[in-house]
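Positions 1095 to 1602 (our numbering) are the ones given, in order, by the sequence shown.
Warning: the hint list may mix true and false statements.
[As the list claims (entries may be wrong)] DSS-like cross-link-like pairs, simulated, lysine-lysine; straight-line CA separation at most 27 angstroms:
{"no.": "1", "residue 1": "1443", "residue 2": "1578"}
{"no.": "2", "residue 1": "1583", "residue 2": "1232"}
{"no.": "3", "residue 1": "1232", "residue 2": "1222"}
{"no.": "4", "residue 1": "1124", "residue 2": "1554"}
{"no.": "5", "residue 1": "1124", "residue 2": "1510"}
{"no.": "6", "residue 1": "1554", "residue 2": "1361"}
{"no.": "7", "residue 1": "1222", "residue 2": "1510"}
{"no.": "8", "residue 1": "1124", "residue 2": "1222"}
{"no.": "9", "residue 1": "1569", "residue 2": "1583"}
{"no.": "10", "residue 1": "1222", "residue 2": "1583"}
{"no.": "11", "residue 1": "1589", "residue 2": "1222"}
Just so you know, the hints here were simulated from the structure itself, not pulled from any lab data.
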Amino acid sequence: MVSFRDSSVVIIESGRTLIRAGVGLQDLLKAPSIEIQARVGLRRNPGDSANGSFSLKPGESSDNLRPSASSSRASTLPSQPNPSAKVHDYLVGSQLDEALEAGHDIIVSWPFADGDVRDWTQAEALWKYVLFHTLQLKRTQNECPVMLSMPAGLFRDSSERICQIFFERFNVAGFGLLDRPMAQLYAAGQLSGVVVDIGHEITDITPIYDGFIMQNARSSTPVGIRDCQVYLANLLRFNQSVMAAASPPDKPSDPEVTQRFLDDLVKHVWVEGLVRVPSDGQTVDIPEDEITDIAAVLVAGKEKAVIETGMKKKLTAKASAAEQARAREIEALDLVTVEFRGHSITLGKERHRFCEPLFDPMLLNELPVERVDPYEGRILPLQEAVAFSVRQTDVAQRQYIWQGLFINGDLTNHVKGIGAALQSRLAPFILSTPDQATDVQPRSIRVLTVPEYFAEYREKGDGFAAFLGTSIVAKIAFNESHGKNFVSKTDYNEKGPHAILEMSLASL
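Could you build the full structure based on these sequences and the hints that come with them?
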């Protein structure tokens, strides 16, 4: 039986908007060494249609091309396949970033944005860039096996096509395919649970029982980070400190420039970890006069003194009651100063309302949120969508699934408390009367996190769970003492691409 050295194993995690990769497995499983946006660019020729794609506008930052609040609708759509384009025609990673920064006329496409592979040439261009450009592997002497995690629900022919690409185009020594939700749950050390993957535009919900995805219960809801950014950007329009920086009085006002400033500021705020999510019943309480209070602080030029005072240690027992009351008042304002594009911007508690659209999408009704596909009907709040998915599973399975609520996505790397906030909002959907309990009735919900004994991931949040879980599976699968859960070159030569359906964990 074929066995591989841990140092030669390649891990690739392909999500809707991001690809993470790394080579080598050690005793302490490493975090990904490579992270690129899952997008490709094609130089526009005269007469090309931009249907389903996006051309950078003059003066617009390429950072806004990632599906987010600052993207146009066209940029969020997976592009229509271009049959004449070859793999080498596409720009990927730093090549694409440089072309966009230079203002070139580029059609940007996201081949994995709909949860499957929309364009195989674009997908191959992305994986080729990761393997041979960033990881510096050699195709002619490729002795590395690859474990790839992909969104759940791939068609069987898609799995075969992926296997074919990696063997025939990349010459890998072995190949395994894994569903991302399974990898995420493995990272938490569980076999049953419900994985909630919050993306930029779509949140995927995947119930899993005893190591198997409940395919009939999988669902997605069209809310994500993009919606949260739009919502907070609108709230910040009422903050005088923000608007003074976004629209300086000595410069002519440009609505587009102001909106782009707000969008970028919001992204900076949540990426820097300045947002926390209150649990249900602990909603952010902003009195009507709080904005006035902040404005008064700014007018008096005392924001620095207020923040420094709030950061000091607690008053000693000798402090007067008046001093303690004043300290509590300052702490209640919860002010922070953000250095952004040469401006010192003071923010209050409104920043903690960032995630409210996830739990109440109706807050977005009057805001300019552009969706990939027009959505008819009511968008379910996250807690209702999760409860709906779990209810599609067998009654006897639900108590085990509720013991593994695992929140994932880029957001969880920077914003803390989402798991507890969702847990508290899900409480009404399980039994609350003990005297009505049965043996199969779920009584509680447990939130999962990546265990702290994974030292490389301890400070990184749960957003890397898919990569960690894929690494765990690769370490087991590519070891000859643990049976056969991958396709070797010999297997591929004997059975062809169909071998992936017999020897991959994603197809069991």
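Against the structure, the hints come out as follows:
Simply put, residue 1443 and residue 1578 have alpha-carbon atoms about 53 angstroms apart, too far for the 27 angstroms limit, and the pair is violated. A distance of roughly 17 angstroms separates the Cα atoms of residue 1583 and residue 1232; the hinted pair therefore holds under the 27 angstroms criterion. A distance of roughly 11 angstroms separates the Cα atoms of residue 1232 and residue 1222; the hinted pair therefore holds under the 27 angstroms criterion. Between the alpha carbons of residue 1124 and residue 1554 the distance comes to roughly 12 angstroms, so the proposed pair stays at or under 27 angstroms and holds.
Taking the CA atoms of residue 1124 and residue 1510, the gap is near 22 angstroms; set against the 27 angstroms cutoff, the hint holds. Pair hint residue 1554 plus residue 1361 holds up; C-alpha atoms about 18 angstroms apart against a cutoff of 27 angstroms. For the suggested pair residue 1222 and residue 1510, the alpha carbons sit about 35 angstroms apart, so the restraint of at most 27 angstroms is broken. Restraint check for residue 1124 and residue 1222: satisfied, since their Cα atoms lie roughly 22 angstroms apart, inside the 27 angstroms limit.
Among the hinted pairs, residue 1569 with residue 1583 is consistent with the structure: their alpha-carbon atoms are about 19 angstroms apart, no more than 27 angstroms. A C-alpha spacing of about 19 angstroms is found between residue 1222 and residue 1583, which places the hinted pair at or below 27 angstroms, so the restraint holds. Under the criterion of a C-alpha separation no larger than 27 angstroms, the hint pairing residue 1589 with residue 1222 is consistent with the structure, at around 24 angstroms.
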